[in-house]
Amino acid sequence: MSLPGFALDNRHTVYALSLGVLLFGTLAYFALPIQLFPDTAPPLVNVLTSYPGATAADVADLVSESIETECASLEGVARVASTSQDGLSLVEVEFRYGVSVDLAAIDVQNALTRIRAGLPAGIADPLVLKFSTSDRPVLTVGARGEDLVSVRRLAEDVLAPEIQRVPGVAVVDVFGGHEPEISVQVDRTALEAYRLTIGQVAAALQDHNVSLPAGQIRSGGTQYGFRVDGQPDHPGGLAAVPLPVVDGRQLKVGDVADIVVGGAEDLSRFHVGGEPAIALQIFKQDDANTIAVVEAARARLVELAAQYPDVVFSEAEESASFTRQVVSNMLGSVWQALLLAALVIFLFLGSWRRGLVVAVSMPMSFLLTFAVMLLLGIQVDMVTLTAIILAVGMVVDGSVVMLENITRRQVEDGLSPLAAARAGAEEIQFAVIAGNLTTLVVLVPLLFLYGFIGKTFGPLAATMIIAFLSSLVVALLLVPILTAILGEGGGRSDEFAAKLAGPWNRMMDKLRDGYVAVLRASLRRRALVLVSAVLLFGGGLVVLRISGMELLPKMDGGASFVTVETPSGSSLDETERVVREVERIVLAEPDLLQLSTQMGFEPGMHSFGGGGVQGPTQAFLSVTWSPRTERDETVWEIQDRLRGKLAEVPGIRNLVVRESGSTAKATTPASIVVRLQGEDPLILDALGDSLLTVVSTVPGVTNPYRSWRRDQLSMVVSVNPERAREAGLTPAATAFEMRAALDGIPAGVLREPLGVQTPINVRYRAEHRANRDDAFDVRLDSPGTDAPVRLGSLASGSEQVIQGLVTRENLLPTLEIRALHQGRPLNFVTADVQQALTRLTVPAGYRAGLAGEDADMKEARDELLGALGIAMLAIYLVL
230 MSLPGFALDN
240 RHTVYALSLG
250 VLLFGTLAYF
260 ALPIQLFPDT
270 APPLVNVLTS
280 YPGATAADVA
290 DLVSESIETE
300 CASLEGVARV
310 ASTSQDGLSL
320 VEVEFRYGVS
330 VDLAAIDVQN
340 ALTRIRAGLP
350 AGIADPLVLK
360 FSTSDRPVLT
370 VGARGEDLVS
380 VRRLAEDVLA
390 PEIQRVPGVA
400 VVDVFGGHEP
410 EISVQVDRTA
420 LEAYRLTIGQ
430 VAAALQDHNV
440 SLPAGQIRSG
450 GTQYGFRVDG
460 QPDHPGGLAA
470 VPLPVVDGRQ
480 LKVGDVADIV
490 VGGAEDLSRF
500 HVGGEPAIAL
510 QIFKQDDANT
520 IAVVEAARAR
530 LVELAAQYPD
540 VVFSEAEESA
550 SFTRQVVSNM
560 LGSVWQALLL
570 AALVIFLFLG
580 SWRRGLVVAV
590 SMPMSFLLTF
600 AVMLLLGIQV
610 DMVTLTAIIL
620 AVGMVVDGSV
630 VMLENITRRQ
640 VEDGLSPLAA
650 ARAGAEEIQF
660 AVIAGNLTTL
670 VVLVPLLFLY
680 GFIGKTFGPL
690 AATMIIAFLS
700 SLVVALLLVP
710 ILTAILGEGG
720 GRSDEFAAKL
730 AGPWNRMMDK
740 LRDGYVAVLR
750 ASLRRRALVL
760 VSAVLLFGGG
770 LVVLRISGME
780 LLPKMDGGAS
790 FVTVETPSGS
800 SLDETERVVR
810 EVERIVLAEP
820 DLLQLSTQMG
830 FEPGMHSFGG
840 GGVQGPTQAF
850 LSVTWSPRTE
860 RDETVWEIQD
870 RLRGKLAEVP
880 GIRNLVVRES
890 GSTAKATTPA
900 SIVVRLQGED
910 PLILDALGDS
920 LLTVVSTVPG
930 VTNPYRSWRR
940 DQLSMVVSVN
950 PERAREAGLT
960 PAATAFEMRA
970 ALDGIPAGVL
980 REPLGVQTPI
990 NVRYRAEHRA
1000 NRDDAFDVRL
1010 DSPGTDAPVR
1020 LGSLASGSEQ
1030 VIQGLVTREN
1040 LLPTLEIRAL
1050 HQGRPLNFVT
1060 ADVQQALTRL
1070 TVPAGYRAGL
1080 AGEDADMKEA
1090 RDELLGALGI
1100 AMLAIYLVL
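Under the working numbering, the first residue of the sequence shown is numbered 230, with each subsequent residue one higher.
Worth flagging that the hints you see were computed from the coordinates, not collected in a lab.
Given the structure is predicted, the values throughout are model-derived calculations rather than measurements.
No residue lacks a Cβ here, since even glycine has one placed at the ideal position from N, Cα and C.
Treat the hints with caution; some may be incorrect.
Subject to a maximum C-alpha distance of 25 Å in a straight line, what follows is the list of computed PhoX-like cross-link-like pairs (lysine-lysine) [stated by the list, open to error]: (1) Lys684 - Lys1087; (2) Lys728 - Lys739; (3) Lys783 - Lys1087; (4) Lys783 - Lys684.
FRET-style restraints, in silico, Cβ to Cβ [stated by the list, open to error]: (5) Asp386 - Pro950: 45 to 51 Å; (6) Glu862 - Asp462: 43 to 49 Å; (7) Glu908 - Ser557: 33 to 39 Å; (8) Ser379 - Ala469: 23 to 29 Å; (9) Glu391 - Glu981: 20 to 26 Å; (10) Ser645 - Ser231: 15 to 21 Å; (11) Ile1104 - Glu908: 51 to 57 Å; (12) Arg394 - Glu862: 27 to 33 Å.
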């Protein structure tokens, strides 16, 4: 029995199935997760390791290299890259597409466990972070108040945990400096007078600020547990902690240090709208609905704002509005397309009854599509909605062909509606199936594309296949039944419909007559037609070639990113001063909606801003503009104007202004990347400016910059072996004492009665570490003498120029020239860059080559050409 025959004989079964599709399709329509774009990033695991006090070179040699080497041997690894800066290591382990990122993270964690014993003792435990395209916060909020230290404590202890309980929220990052700290600020002069060192002060605090178990006693039927509690319960108690007796006098910490309750020295800062704030970055779960998560988080923030009126919350960045706008526009386009298609069918058929059949069958096809998408875990985004829009024409084809043949059998053969439905549907069913099959075989190869292009086109092909199969099911099962029910014509309504469609049909008759005349003329001049077709095909190829190629079309998403880098060695305060001038210029833009700025970096953050892990010389500004319909300029025109203004700001070494989504892959730092690799960083640095000049001269290249420069000043302390031996010191002990004096040494935490815990840090007073000469006045504990010795008495210093940033790619030192492109297609610009590279002389053992979107585009082109070949072969076999 044929499918149409089965449907007509079991109409109540089809009614029940249709009701189920209507119900579950509607539920799926509202339940499908919504995101702007599918997750196209490769499986990527980041390893973040903090090494306080170490230079970038030390971090690279002692931390990053060991992690890179071990991770490079893991199965499925495609690329290993590292970025090392002062005190911080970031190793990116990229796996091949198809590898589970969860399993990859476990492999990386196991690799770290194997080498942990060989890493330096002073590092923090490496942090393993999985990365995906969705690992940008969906909502960033700035919290401001009179005392940012108190706001920071509130954010960490109360606000972040409350927001994290919101359904769909994965994690909430808190950053922006102003971390609570009790600073024990030691007077170097007092230490010298009492012949003490900062290490002795820290050791005393650690020894007395304890609460430790002290055993048990069992007496009869009772058991007693003992605990020695020496912890002060308020900051003033730290001043009373005893120090070693000197000349018969019992000293206390308060005799040599001030106890200051406040904030730690900032590693990062955050501004919202140009004002200092504490940032709350809200990340959603992978399968959560972006819009729903943002709305729920906003509602919770409103409640928190009412509970804490002294804290002002300001939205700094959010992704729901643009996602909602795009999805709403595209869904509106779907329903408009369905309405127009139904209207056109009505005009062609000249019957409201037949038009109603199509008007019912098309929404049913899409409701079935939504239900299957939900079952298969396919989300709603730009790609899948594009697939649905493209499928509208094909979805209606099967129903129209089926309806037209049933109508013909009813009119020409005089069959009853039921008999015509059966005869017409069974006669045409295989033609309808074959028509859909020829389209499906074109789409199936897209499901097996590899890499980024597969992640992009896979959901598109899957959605279109589901839509076509859904329309086929509806055409074979539902359309015959609807036609049988609504098949009786006649009456005033049909006469009125025929009158409405009359002008349209007369116009189409004329168009048909014209087409027939052209067809007859073409058949008489077949050679001319064939030659013209070949010429048009060749002309199309020429136009395609001269039109250029982009990996993905550019989109004005209403958001820009500004990356600012100050000269090497700049402090966070100096970077903030420069950033304030940049913010002043951006805030003056009339189309500005939101502005937030991230400076520096705090270990443990999940988001690395837009330019990776940032040091004190780097700032990342996120700018949101008003919707495109409300402004006269495109985002690229605004950015061009901003570049000109910001280029005049003094104190900026590198400036990059780009739109959100300027690269198709989240792991690609810029659309144009020229990678220079070799063993000696000195040679890489020397070649860097020449390479930058070569790239800058290519038309269409904008914002070229180097990934690093060897221009950071560093002081190398050389310890005299003889004097150190006399003092009983080693270089390791010297480095420890210096770092304790300058950067501080942790001395536990202060636990106050309400459970509040505040870290304690011991270091010299600010005036005793104000310049580099103060470093040589540090007092060192000297086992070989009766009193501490001055560092300058046994060591000397010399200035050196070093790298502030060390980068490696697949275990080789790397320098990258990065740039954006504008005004010319990407393939034209990269071709000219490749040609320009041939003029660059590179020493033996070194290589310079294009990476970035050029490599991504070549990979995508090869994949798509392969899919096209398979599709053409499949169509031939089907036909």
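Hints, verified against the model:
1. Lys684 - Lys1087: OK: lysine 684 and lysine 1087 at ~16 Å, within 25 Å.
2. Lys728 - Lys739: 17 Å, holds
3. Lys783 - Lys1087: Distance of about 18 Å is within 25 Å: holds.
4. Lys783 - Lys684: Answer holds: lysine 783 to lysine 684 is near 18 Å, not above 25 Å.
5. Asp386 - Pro950: 45 to 51 Å: 50 Å, holds
6. Glu862 - Asp462: 43 to 49 Å: 60 Å, violated
7. Glu908 - Ser557: 33 to 39 Å: 54 Å, violated
8. Ser379 - Ala469: 23 to 29 Å: 26 Å, holds
9. Glu391 - Glu981: 20 to 26 Å: About 22 Å separates the Cβ atoms of glutamate 391 and glutamate 981, which means 20 to 26 Å holds.
10. Ser645 - Ser231: 15 to 21 Å: At 18 Å between Cβs, range holds.
11. Ile1104 - Glu908: 51 to 57 Å: 52 Å, holds
12. Arg394 - Glu862: 27 to 33 Å: 42 Å, violated
The structure fails hints 6, 7 and 12 (numbered hints given earlier, in ascending order).
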